Amino acid sequence: MWQNFVQYVPIILSALSNTLILAFFSFGLATVLGIVMAFAEVFTSKTILIIVSWVARVLRGVPLILSIFLVFYGLPKLGLTLPPLYAAILGIAIVDAGYQEQIFRGAIKAVSNRQLEAAYSLGLTRASAFLYVVLPQAFRMALPSWINDFTIVLKDTSIAYAIGVVEMFTQAIHVAQVIMDYMWPLVFVALIYLAICYPLSMLSNYLHSKLKMMGMLGSGV
Amino acid sequence: MLKEELLIVEDLWKFIDGKPVLKGITFDVSRGETKVILGPSGAGKSTLLRCINLLVVPDRGRIIFDGEDVLKRRDIHNVRSKMGFVFQHFNLFSHMTALENVMLGLVKVKKMPKHEAEKKAKEALMAVGIAEELWNRYPAQLSGGQQQRVAIARALAMEPKLILFDEPTSALDPELIWEVLNVMERLAKAKMTMIVVTHEIGFAMRVASEVMFLDDGMILERGPPEQVILNPCNERVKRFMDRMKYVYSLDTG
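If you read the protein sequences in the order shown, they are chains S and Y. Using our numbering, the first residue of the first sequence is number 1, and each one after it goes up by one. Using our numbering, the first residue of the second sequence is number 222, and each one after it goes up by one.
It is possible that part of the hints are untrue.
[Unchecked claim] Restraint-style ranges between C-beta atoms, simulated for each label pair:
no.	chain 1	residue 1	chain 2	residue 2	range
1	Y	E354	S	A127	51 to 59 Å
2	Y	C454	S	K46	48 to 56 Å
3	S	A127	Y	R407	30 to 38 Å
4	S	I48	Y	D238	22 to 30 Å
5	S	K46	Y	G263	27 to 35 Å
6	Y	R460	S	A127	43 to 51 Å
7	Y	A352	S	M213	45 to 53 Å
8	Y	M347	S	S209	28 to 36 Å
9	S	K46	Y	E231	29 to 37 Å
It is worth saying that the hints were derived from the structure and are not from the lab. Being a predicted model, the structure only gives us computed values, none of them experimental. Even for Gly, the Cβ is constructed at its ideal location relative to N, Cα and C.
Please model the complete structure; the sequences and the hints are all you need to start from.
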């Protein structure tokens with residue numbers, strides 16, 4: 001009965017903060033790692049490029065639940081015991097870093113070589129050309145995919161349920177078990193996820209069309 | 222007293238994928254001169270221009286610019302800051318307004334204070350006929366002709382000793398070509414030293430001090446425009462010019 005369920009809504013919503021903490025911190029950490037990997041690939045040696053792109057590919061290949069379990073159950077064997085919340089943040093960040101590496105490296109590569117040549121022709125050094133021309137454009141180009149990636153991470157946080165982090169999805173399951181009805185709690189959290197993701201994906205689309213208008217999604221020549 | 226030659230290119234060779242694209246190009250450019258390079262696509266014209274400011278590094282030869290051996294310089298960016306380059310596809314920085322495009326080199330290369338750079342950039346934009354209401358537009362909001370004039374202003378603001386033009390009107394609608402050529406013609410009259418790769422033989426007739434015809438990586442003929450365009454000696458050049466004259470309906474009587 002949904003009347004039965006309504007009184008539990010505040011309990012589910014009280015766990016939204018944990019869901020957001022998981023999402024923001026794992027996404028933030030993954031962004032830092034992703035950018036570091038992308039920069040390492042673009043600005044250092046060929047050997048490092050091969051190693052880093054290989055690492056990123058491996059990270060993308062790890063199932064999320066496996067990554068979280070490895071951090072939570074595996075790391076204690078190496079002497080590092082993390083509370084569930086931290087373990088989940090790290091587990092999600094590791095996998096997402098692999099995706100963000102792709103987003104940022106792709107964006108840097110997508111800045112047209114013509115832009116770089118124009119910068120050089122003015123007498124800018126390689127460092128300045130990247131700092132003032134390539135990177136500002138790369139970050140703008142990365143923005144739509146980066147926002148999309150956040151929506152994916154937000155939904156992925158529900159997997160933290162598996163190691164007992166009390167986030168929104170976990171709380172919904174708990175409520176479901178109490179009222180012996182899974183339908184309403186699950187539909188309710190689905191709507192919350194949607195309410196956050198939908199505007200973000202609209203924003204991502206808007207930014208994408210804006211970039212197109214500015215001629216920044218060209219052929220990459 | 223300054224030496225008359227601003228640029229000397231000596232026996233310049235460039236190989237791309239093992240094939241020679243430039244085969245021992247030798248020429249010089251005097252101060253205040255407008256040199257026009259004509260020739261078919263794939264002749265090596267763009268590569269030659271790019272070699273001069275080292276966007277492409279030549280394999281053999283010497284480039285003396287303003288008395289210095291460019292290929293021996295390690296700080297090539299300092300040489301480039303004295304040489305403007307105008308690209309076929311304008312290559313304006315797409316995340317910057319017209320004004321910011323012109324200011325970037327002044328602020329980051331010439332280390333000019335912002336307000337001074339802004340003043341100078343505005344002067345340069347005015348000089349190429351870009352009105353104030355366009356200064357804060359992004360490249361995508363400008364017509365091709367306007368973009369190319371902003372690109373010329375960007376090069377001009379750096380007060381270069383030489384400007385290289387790589388087919389500056391080839392990507393433009395016919396109606397917009399005029400406004401760009403007009404700006405270039407004024408620069409030529411003001412004794413700016415320029416090397417212009419173009420197909421605009423009318424422009425070459427009016428302003429070129431010398432025309433060079435390039436094909437297959439070699440200079441086939443060079444001389445005053447009346448000679449190379451209207452009365453070439455070389456058979457290949459003659460065939461090319463006959464067709465150009467037909468396309469541009471340049472009546473030679």
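Evaluated hints:
no.	hint	result
1	Y:E354 - S:A127: 51 to 59 Å	violated (35 Å)
2	Y:C454 - S:K46: 48 to 56 Å	holds (51 Å)
3	S:A127 - Y:R407: 30 to 38 Å	holds (36 Å)
4	S:I48 - Y:D238: 22 to 30 Å	holds (27 Å)
5	S:K46 - Y:G263: 27 to 35 Å	holds (31 Å)
6	Y:R460 - S:A127: 43 to 51 Å	holds (48 Å)
7	Y:A352 - S:M213: 45 to 53 Å	violated (22 Å)
8	Y:M347 - S:S209: 28 to 36 Å	holds (34 Å)
9	S:K46 - Y:E231: 29 to 37 Å	holds (35 Å)
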